[in-house]
Structure formats: C-alpha cells, structure tokens
Amino acid sequence: MTQLPLRAQLASALGRSAATLSRMTGRGDGSVIGGRVGLLLEPDLLRKLARDRKLALVSATNGKTTTTRLITSALLELGEVATNAFGANMPAGHVSALSQHKGAPYGVLEVDEKYLPEVLDTTGAGVVCLMNLSRDQMDRAGEIWLLAQKWRRALSGKPTHVIANCDDPLVTWGASTAAKVTWVAGGQRWKEDSWCCPECGGPLDRKDADWACRECTFHRPEPQWALDDDVAVDPRGQRWLLDIQLPGLANRSNAVMALAVAEAFGLPVDRALPRLREVRSVAGRYTTVERDGRNARLLLAKNPAGWLEAFDVADPQLPIILSVNAQGPDGRDTSWLWDVDYRILRGRPVFVTGERRLDLALRLDVADVPFALCNTFSEALAMQPPGRVDVIANYTAFQQIRSEFGRAV
Amino acid sequence: MPSDSALSIVWIYPDLLSTYGDQGNVLVLEQRARRRGIETETIHVRSADPVPENGDIYLIGGGEDRPQILAAERLRRDGGLHRAIARGAALLAVCAGYQIMGSTFGGEEGQPVDGIGLLDISSSRGPARAVGELVAEVDAALGLPTLTGFENHMGVTHLGPGVRPLSRTVKGIGNGDGFEGCYAGHVVGTYLHGPALARNPALADLLLSWRVGQLTPLDDSHYEALRQERLSTVMQP
Chain H
1 MTQLPLRAQL
11 ASALGRSAAT
21 LSRMTGRGDG
31 SVIGGRVGLL
41 LEPDLLRKLA
51 RDRKLALVSA
61 TNGKTTTTRL
71 ITSALLELGE
81 VATNAFGANM
91 PAGHVSALSQ
101 HKGAPYGVLE
111 VDEKYLPEVL
121 DTTGAGVVCL
131 MNLSRDQMDR
141 AGEIWLLAQK
151 WRRALSGKPT
161 HVIANCDDPL
171 VTWGASTAAK
181 VTWVAGGQRW
191 KEDSWCCPEC
201 GGPLDRKDAD
211 WACRECTFHR
221 PEPQWALDDD
231 VAVDPRGQRW
241 LLDIQLPGLA
251 NRSNAVMALA
261 VAEAFGLPVD
271 RALPRLREVR
281 SVAGRYTTVE
291 RDGRNARLLL
301 AKNPAGWLEA
311 FDVADPQLPI
321 ILSVNAQGPD
331 GRDTSWLWDV
341 DYRILRGRPV
351 FVTGERRLDL
361 ALRLDVADVP
371 FALCNTFSEA
381 LAMQPPGRVD
391 VIANYTAFQQ
401 IRSEFGRAV
Chain Z
1 MPSDSALSIV
11 WIYPDLLSTY
21 GDQGNVLVLE
31 QRARRRGIET
41 ETIHVRSADP
51 VPENGDIYLI
61 GGGEDRPQIL
71 AAERLRRDGG
81 LHRAIARGAA
91 LLAVCAGYQI
101 MGSTFGGEEG
111 QPVDGIGLLD
121 ISSSRGPARA
131 VGELVAEVDA
141 ALGLPTLTGF
151 ENHMGVTHLG
161 PGVRPLSRTV
171 KGIGNGDGFE
181 GCYAGHVVGT
191 YLHGPALARN
201 PALADLLLSW
211 RVGQLTPLDD
221 SHYEALRQER
231 LSTVMQP
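Protein sequence lines, in the order shown, are assigned to chains H and Z. Positions 1 to 409 (UniProt numbering) are the ones given, in order, by the first sequence. Positions 1 to 237 (UniProt numbering) are the ones given, in order, by the second sequence.
It is possible that part of the hints are untrue.
Covered by chain H, per the in silico footprint, the following chain Z stretches (three or more residues, Cβ under 8 Å) [said to hold, decoys possible]: (1) 17–24; (2) 27–37; (3) 61–74; (4) 160–172; (5) 192–198; (6) 215–229.
In short, the hints are calculated from the structure, not lab data. From a predicted model like this one, the values you see are computed outputs, not experimental measurements. Ideal Cβ placement from N, Cα and C applies to all residues, glycine included.
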C-alpha cells in the first residue's frame, strides 16, 4: 500500500487510539468510535484508506457478517485481509477496519444495504457480493424495492464486478445494471417479498428455482455457479462437496457466494474451500455456551427470512428457547412476528423470553404452539434438562445472551 | 370461490400489500372464529387474480408506495371488492390499504394517485413519517376498548362527511387531525399494524359479529397480557 497523506495518517492513528480506549474501558469493541474519530479529523479518510487495495463489499438483508467472514477466511490464502468482522457495517466501521490493517493488500467489508451506494462510490471497490433482500426492521430501514433501485443506480457505469444471487429476483434486478455480473444460484427460501416483478410489477411465475415475469421480459439469468444441496457447482461444471462446519442451507449458500468471490480475486476453489471449512462460528452465531450442564447453541434471527433459516438449523429433537426484543437495532415494530410461520415448532418444548415475550406468546398461542413463558433467559435455561438446547434470538436479545456468557465468540 | 357454509375470509393481494405482519389479521380472525366453533375458509387473492365478491370478511394490508399504486389500479379494474362491499361484506383496510379506499392518496413523489372510492376519505403525503406506538379511544358508538397498535406511515388522511372517525388519538399521529382511522357501514380503515386485530381482539370480534351475529366470550388472557403491557409502557409519563 502507498503511504497515506500526513493528515490521513494522523486521523487513522487517533481513531485507533480511541478504539483502544473504548475497548480498555469496556464500552465496546471500538470499531465504531475509532472510525468516527478518524472521519471527524479527515472526512475523506475512507477513500484514502481504500486506495490501492483490492476490496470486496458484501451486502444483503441476511448473512452479511457470515459471508464477510467466509470471504475473508478464503482471501487470507492470498495475503493479509482487512475486515470489519464484528458487523460494524457503516463507514465508521469501514474506516476502523481498514485503519487496523493499514498494510493489508485485501479488504472485505460488510456493508449495510442502505450504505452500499455511498461506500461503493467512496472506496471504488472492485468486487461487490449481493445475496438477498427481504423485509427487515421496517420502522427504520428503507423499503427494499427502493434499496434495490439505489443499488442499480450505484452500480450503473462502474467497472465493478458483481457476484449476485440470481435466485432472488430483487437482488437480480438490483445487480443487473453492473458492467460485469457473475450469477450464483444460491437459493431463496423466503419468497414473500418477491411475488411481483421488480421491473414492471407484474406477477412472477416460478417453476422450481426458475422465475420469469408474466408481463415483461425480466427473468432469471443463467447462473454460472450453483448450490446443489451440499455441493457447489463451479462455472466449469465441476462439483465440490462443501462440507463446511457452519450449519444450515443458508450458510451453504453463503459459502458458494464466497467461492465465487474468491475466484473473482483469482483464488481457485481448491485453495479457497479448505479455508471456508475452518470457520466454526461468526461473532457468536452458532456458538454453544454452557451453564450447569446445559449446552445452548445460539442462533441469530432478525427478521422473517432469518427465522426460516434458523428453523432450518435448529434440531427438531431438542427443546428451543426463543427470545425477542424490540429495541432500536431490532426495529420497534414487532408485527414481523406474524410473518413467521411458527407451526414448525409444534411438538417441541418451547420456551419464550425477551423484552417482547408477550408479543411472541400471543403469536404462538394463535399458531397453536404450546410454550412456557419465562421472565429471563437464565430462567428459561434453568428449566431445561441437562443436555443440548437451541436458542433463537433477535439482535439485542442475542447480544444480551452473549454478554451474559462473556461475549463468547 | 368461497363455499356457502363456512365463514370466508378474503385476504386481498398478499403479494403486494402484506409488509407489516398483515397475515396476523387473517390468523387472528381464523383463530377467534375457530375457537367458537365457526368454520372458516381463507382465500389468498394474488394481484393477478379476480377478487371474489361473495366473501364475508375482506382484509387488505400495508406496503410500499409502488405496490400500493399497483394494488389501487388492479382493484379498480377488477371491481370485485366494490361488489362484495355492496353486498354487505366486512372490510378491514390497513395503512396503504386504508389510503387506497379513499378518493386519492400520495404516490412515490407525493403526487396524487386515484384511490378506489370505497370510503369518503382522501390522503396525501404528510410532512414527516409517523412511526411509533399509537393509543386511541374508539368512537363510543362502536363500544370497543382502547385501540392500541404501531403506526409507520407518511400519510395524512382527511375524513369526509360519509365516514366517522374510528377513534380519537391519545398518543400517536393516526390520520393527522387528532383522529385515527375511520369507518362507514361494515368498512373499517386504520393505520395500525401490530397487527391491529392481534392488539385489538374486540375489533376482530366486531368484524366477525357483523357477519355471524352475537359471539360467545373467549379466554383472552394472552391478548389481554399484551394489551396491558403495551398500554402501560406506552402511556408511561
């Protein structure tokens, strides 16, 4: 990397100091405050830090943090990688990530969906990875069709190479103005936000994974990569058994996206895949925590599509604890609970907790899913017999549980 | 087509307007009918399909600007909902679906877009987004307890003489004039998600009673616990 201008060097260094201070005083992991301080001193810091690096931006409604981690893990095969591993996915977090690895020739940045156009403009990233778009925290996030439209405008006229999931019609539409797109058939479980054509509003006809608008020419592009159960099929038709440690279909999809991104960086599958298999948990997700002989596996689900993915991972033989909050980062409107089909939990012992447990209790009652209401997570855990239990929590509920167990990663 | 014996619940355009847990209103109606031994039949009407006119209770939900405009165009062209209401069916219209029922509403750039004219209201884009919990006292003529829910919209809705306000707001914005929602005959409009019928089971029962007559009481402990928690949290000084 070339030398930063003096002002940017200073801004970057002061930002790192603030981050260290934040960590030492136990106020956070420092990845936001450090970047904020840096940006205050040098508003153009992100552009300067991004210059001369090979960058990938990763955005989606779900799976951003995990896919960022998988891509990072793969690219480590090529050299040092700067990344915002803990989900600080706005420009302050990007500044912080790049500051901490000033010499890294590669960068993999998780980017909030709304910030993607701005971050792409600022960093000039060469690769963008787009996985899925679905309803999420509607009281503060934007409407997803508008988001996709902003992606189109941001990608138009740039040389960016986009890796996009063509099984998601809205992502396909959002990516299709890019000069170069590698399409990945990554699957789409949650379909409730894509019954209509993003281009003209007409009905989308679906047959298996394929989809096409009944009224205009918009249709699913031919994929170069595909996920076939536990196998990644590369553009040459070669099949690779994924065999990753992260559980569930959604993570196998994330892994195929990561392999396609790795190849865009010149890293072949046979070198990338072993790196993906090393990833066991991501910022607390899929971690198992232990207390008094109870082993609780933590699953994060922030929106209806995320709950479907978590149900896919959860073991039907085990009891399950559900925890829901509605703080700012969760979205204060809990109406999304009614978009989730909880009937899959019938027959399992279900325990309900979190700050909005009464919303969830009514939801389960209406779905005829019996449950026990618990005032705290500890109470719910203590009610379990010794052994394994699955936990699904939304964002701040998940962080509260992690904190109780010392933020085990 | 709805059958003759069961109570038919028609969910209009879930592919366009079901962004805020609107399915919940369908599920609550089904549950409250089922627990009283009333057989129900639910019909999901996609926007490419005709709206049946012999249903009992119709529901239409909230959504983004563009689907809202598409839904209004298709409902007007289809005409099935108009015929159903003329036959005495009940309708609960929420948020974007509520605005559609009027003469006009605000489009993506705030431009006026034609509604379908089932309610004597007109909506436009307000100065700021109304987001948060809402509490309102329901029109005494309806005999319902306090209304609770969550609103998230940019609309301001003006009520004409052909409708009555559903409720007077105690907290929140609602229509923007001190009232929330409106009703006329068996048509109810509201800005409330929550979904509205999960947070206000008495409103669900009102819709049911319009079609099946007097209802037996239910064990509403889960509904009541949530209502009390929400109302006491929201009304905290």
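Cross-check of the supplied hints:
With 7 residues having a Cβ less than 8 Å from any Cβ of chain H, the segment 17–24 of chain Z passes the three-residue criterion, so the hint holds. Counting residues of the segment 27–37 of chain Z whose CB lies closer than 8 Å to any CB of chain H gives 3, which reaches the minimum of 3, so the coverage claim holds. Given as covered by chain H, the segment 61–74 of chain Z passes the check, having 5 residues with a CB less than 8 Å from a CB of that chain where 3 are the minimum. With 0 residues bearing a CB less than 8 Å from a CB of chain H, the segment 160–172 of chain Z misses the requirement of three and the coverage assertion fails.
Using a Cβ-Cβ cut-off of 8 Å, 4 residues of the segment 192–198 of chain Z lie near chain H, which meets the minimum of three, so the contact claim holds. Given a C-beta distance limit of less than 8 Å, the hint that chain H covers the segment 215–229 of chain Z holds, as 5 residues qualify and 3 suffice.
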